[in-house]
Amino acid sequence: METSAAARVHPSPRKILDSVVIRFAGDSGDGMQLTGSQFTTATAMAGNDLATFPDFPAEIRAPAGTTYGVSGFQIHFAAHDIRTPGDAPDVLVAMNPAALMVNIDALEPGGLVVINTGAFNKNNLAKAGYEESPLDDGSLDPFRVLAIDITKMTLESVKGSGLGSKDAQRCKNMWTLGLMYWLFGRERESTVRWLEKKFAKNPKVAEANIAALNAGHIYGENAELPHGIGAYQVPAAKLEPGEYRNISGNEATAWGLVTGARLAGLEIVYGSYPITPASNLLHNLARLKQFGVTTFQAEDEIAAVSAAVGASFGGAIGITGTSGPGVALKSEAIGLAIATELPLVIVDVQRGGPSTGLPTKTEQSDLFQAVWGRNGDAPLAVLAAATPGDCFYMAVEALRIAVKYMTPVMLLTDGYLANGAEPWHLPDIDALEPFPVKFHEDPEGFMPFMRDKDSLARVWAIPGTPGLEHRIGGLEKQQDTGHISYDPANHHMMTKLREAKVQRIAKDFPKAAIDQGDPRGDMLVVGWGSTYGAISQAVRMLREQGRKVSHLHLRNIWPLPEGVGDLLRSFGSVLVPELNNGQLVKLLRAEYLVDAESLTKIAGQPFRIGELVEAVEERLNRSLQ
Amino acid sequence: MSPNAPKKKYTRKDFSSDQEVRWCPGCGDYAILAAVQRILPDLGGTPENTVFISGIGCSSRFPYYMNTYGFHTIHGRAPAIATGLKLANPELDVWVITGDGDGLSIGGNHLLHVLRRNVDLQILLFNNQIYGLTKGQYSPTSQVGKVTPSSPLGSVDQPVVPARFALGACATFVARSYDTSKRLPETLTDARKHDGAAFIEILQNCPVFNDGVFDLITDRKTGPAYQLWLENGQPMRFGANGEKGLRMNPETLTLEVVTVGEDGITEADIVIHDETNLSLAWMLTDLPGVVALGVLYRQPGPVYNESVTKQRELAKERFGEPDIKALLRTGHTWTVV
Chain H
1248 METSAAARVH PSPRKILDSV VIRFAGDSGD GMQLTGSQFT TATAMAGNDL
1298 ATFPDFPAEI RAPAGTTYGV SGFQIHFAAH DIRTPGDAPD VLVAMNPAAL
1348 MVNIDALEPG GLVVINTGAF NKNNLAKAGY EESPLDDGSL DPFRVLAIDI
1398 TKMTLESVKG SGLGSKDAQR CKNMWTLGLM YWLFGRERES TVRWLEKKFA
1448 KNPKVAEANI AALNAGHIYG ENAELPHGIG AYQVPAAKLE PGEYRNISGN
1498 EATAWGLVTG ARLAGLEIVY GSYPITPASN LLHNLARLKQ FGVTTFQAED
1548 EIAAVSAAVG ASFGGAIGIT GTSGPGVALK SEAIGLAIAT ELPLVIVDVQ
1598 RGGPSTGLPT KTEQSDLFQA VWGRNGDAPL AVLAAATPGD CFYMAVEALR
1648 IAVKYMTPVM LLTDGYLANG AEPWHLPDID ALEPFPVKFH EDPEGFMPFM
1698 RDKDSLARVW AIPGTPGLEH RIGGLEKQQD TGHISYDPAN HHMMTKLREA
1748 KVQRIAKDFP KAAIDQGDPR GDMLVVGWGS TYGAISQAVR MLREQGRKVS
1798 HLHLRNIWPL PEGVGDLLRS FGSVLVPELN NGQLVKLLRA EYLVDAESLT
1848 KIAGQPFRIG ELVEAVEERL NRSLQ
Chain S
828 MSPNAPKKKY TRKDFSSDQE VRWCPGCGDY AILAAVQRIL PDLGGTPENT
878 VFISGIGCSS RFPYYMNTYG FHTIHGRAPA IATGLKLANP ELDVWVITGD
928 GDGLSIGGNH LLHVLRRNVD LQILLFNNQI YGLTKGQYSP TSQVGKVTPS
978 SPLGSVDQPV VPARFALGAC ATFVARSYDT SKRLPETLTD ARKHDGAAFI
1028 EILQNCPVFN DGVFDLITDR KTGPAYQLWL ENGQPMRFGA NGEKGLRMNP
1078 ETLTLEVVTV GEDGITEADI VIHDETNLSL AWMLTDLPGV VALGVLYRQP
1128 GPVYNESVTK QRELAKERFG EPDIKALLRT GHTWTVV
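Chains H and S, in that order, are what the protein sequence lines are.
Residue 1248 is where the first sequence starts when you use our numbering, and the numbers rise one by one after that.
Residue 828 is where the second sequence starts when you use our numbering, and the numbers rise one by one after that.
Any given hint could turn out to be false.
[Unchecked claim] Where chain H lies over chain S, by a calculated footprint (3+ residues, C-beta under 8 Å):
(1) 851-862
(2) 971-985
(3) 1129-1139
(4) 1149-1156
[To be verified] Selected chain S positions facing chain H (Cβ under 7 Å, derived; list incomplete):
(5) R991
(6) S1106
(7) W1109
(8) M1110
It should be emphasised that the hints constitute simulated quantities derived from the structure, not laboratory data.
By construction, the Cβ of each residue, glycine as well, lies at the ideal position given by its N, Cα and C atoms.
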């Protein structure tokens, strides 16, 4: 890394930190998400490992200055391998009183708080619920405070840009970013390039934003900062050699779907209806038409999945993406795909429920809906991605299973994975095994429900193929011929057959293996989905303390991989932390008759490492008493 | 099939499946099935490139009786499933079979959107003004006062006019016929030849739960007085001897039934049918004392699946050959050594 200007100006060396958690917080109109993602890019370029957590309200522009309009973006970056956006921030950037009010309790004593005093007027303080300014009442004494009139500084820095006062003020997030870049020794280059591109049609705005960014940086270089606040450095992490990029879960899912379709040799028809937090899956795929992707913004969730089913009938791979409420609406059509044994991929980017619930908050409460949420005995495969980057591989796997077994597959991600980002070691695409689809073409002895002996998948015979004309539908059908059948024995047999086919998918999975720790011990912590990072770190800390704790992480929810039962029975106790009211835990208890205990968090927020460590310790101590 | 291969001459039989037809004796669906099977060979279609997609209801059993590809789907969703199929393979000739309950009640939303998008399909809506498969409840096209098991004192729901719904949804082709009409094949053929979504309402008798509801219109004796067969560019005449016609009342701006030769009415007073006139088509959907049959409206517009295909080709031109490796490297990447 080149020596930065800041390092040259300040002869005193930067204080070396091992890891830092920063939370940017401001009004939903203050551009905090953009600020956070720019800081993320610059941090990735600096070679740190990182994880991010955007946390924003459902209101697009909540009334300015209110606590419910506060938008936050947390980034954890370190000189070592990390897996979560961090439990508590070390640094809080509060662009207004409401942002301070909402976030100050999360800051550890001694933490640094950067405050835009320009927004601390009577009106904003009242809106945030402060009777007295926290700048004066001593409530910030436990913290190191960097109070700057960022609004005024910004206006001065863009003077002469020709922007009106309102537009000029909007540059204050870039001023703040400039200051943060200086504090943590990040390069401004990537943000400058990004601004030039974003405002290519409006160079005046680009120049003003760049001026504000530079001014914030210069302020850091020259200003006499209060005692105890200086410049920091977080050295690059030792990551596995290779090519990296930042990736969010929804990006990774979209690219995984496209990659999977290429490996299958199929075109994609992606039917979707806009829904938080799945909408940008649709946006990402809509940009990839050149990859043989057709996106269909349907009139509703039902039409979205129906179009996908129709497309699969026609020989494309039908995919639909949504969140929990959307899956509820799609259930009947998913059942049709199960009954007609057509491939289909459903991506459920989970959010808080029930009903509309918490649209912008994360939760893992659709597991039951995914595994059992349909009329009739209607099995399908359920996968769950563990990290933003893992969404790519799980999307490829969802496609592979769907076309190999002629079955719907549900891929569970969540709001935390969808919007969170991490550095991602780019996969070697050439190393991914293709799974080309062969449509049935031979009319000799053809029957629409004849099956492959090993996979039990029925043949995929698509319209346009001479001699294979046939009819399918949601009515129960006779084995092989597919003719409508009300025969009692046939229905029993077909129900068992559909179940057996889905269970057979587990033969493709590696045997369940401990992710971290020994294959036997005092406690097995079993997780699934996006809690991977937090559980993994917690188990690491517990093991460092000598606790006999191991971590099992399930990416295949249904069917479960072989060997899970044996592992569960090899530990004194089993704890299943989930961001729901206890779903996987019930599935494990039902399948394996083990006394697994549930640890629930239903707050719309991810687990903190600390609370997991505490929960495990408490249980282990209890069992020793 | 290669374009040079000799074309097989298909017959009605080639389009009939080996499944026993299981509609009630006397059901209007038999006649519609026969008409469809008759026209397909003449239109140059092949069984392998023809697909029938239906929802749920008596009419939705239709695909089982066609020796083509077929998909008996779920209630109301056939238009959406057909849209997806057409996106996957635009070359297929796709027919949607629906009813008044399937298409206008549970599936009303999808019918609206498939019409406004103008997906290249034929949509046959069998209107018998009753729920047959669930044993006789009133439907969204039943007349007010209809006594059924779910409306013992008579239905109080205002019925929807299917053709009016279609025009409101910006359909580019709206036609009407009835099950036993000799001219049904002709209307079906017109629909098949239309590029885009072709909507045909087919009045269909349900002999079990709503017998005779269209008798006045379809009866050989009484029918001519109630059937106005539309011919593009021709005056709108009807009646047993063609003595009646439609005139534009200049004061109310509505169409009224008049008799040529009476009250000074001459042929010149009769309105000429113009299939491309939306205002006229709107008036024809619901006339006083007469039913307009044939093509009410035909005004070709951009076809959805063609526009989608064009955009995909444009994307390939603009962004070049797809490359996953390059895709994963869009934006910032960096190398750790």
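**Q.** Contradicted hints - numbers only
**A.** Hints 1, 2, 5, 6, 7, 8 not satisfied by this model.
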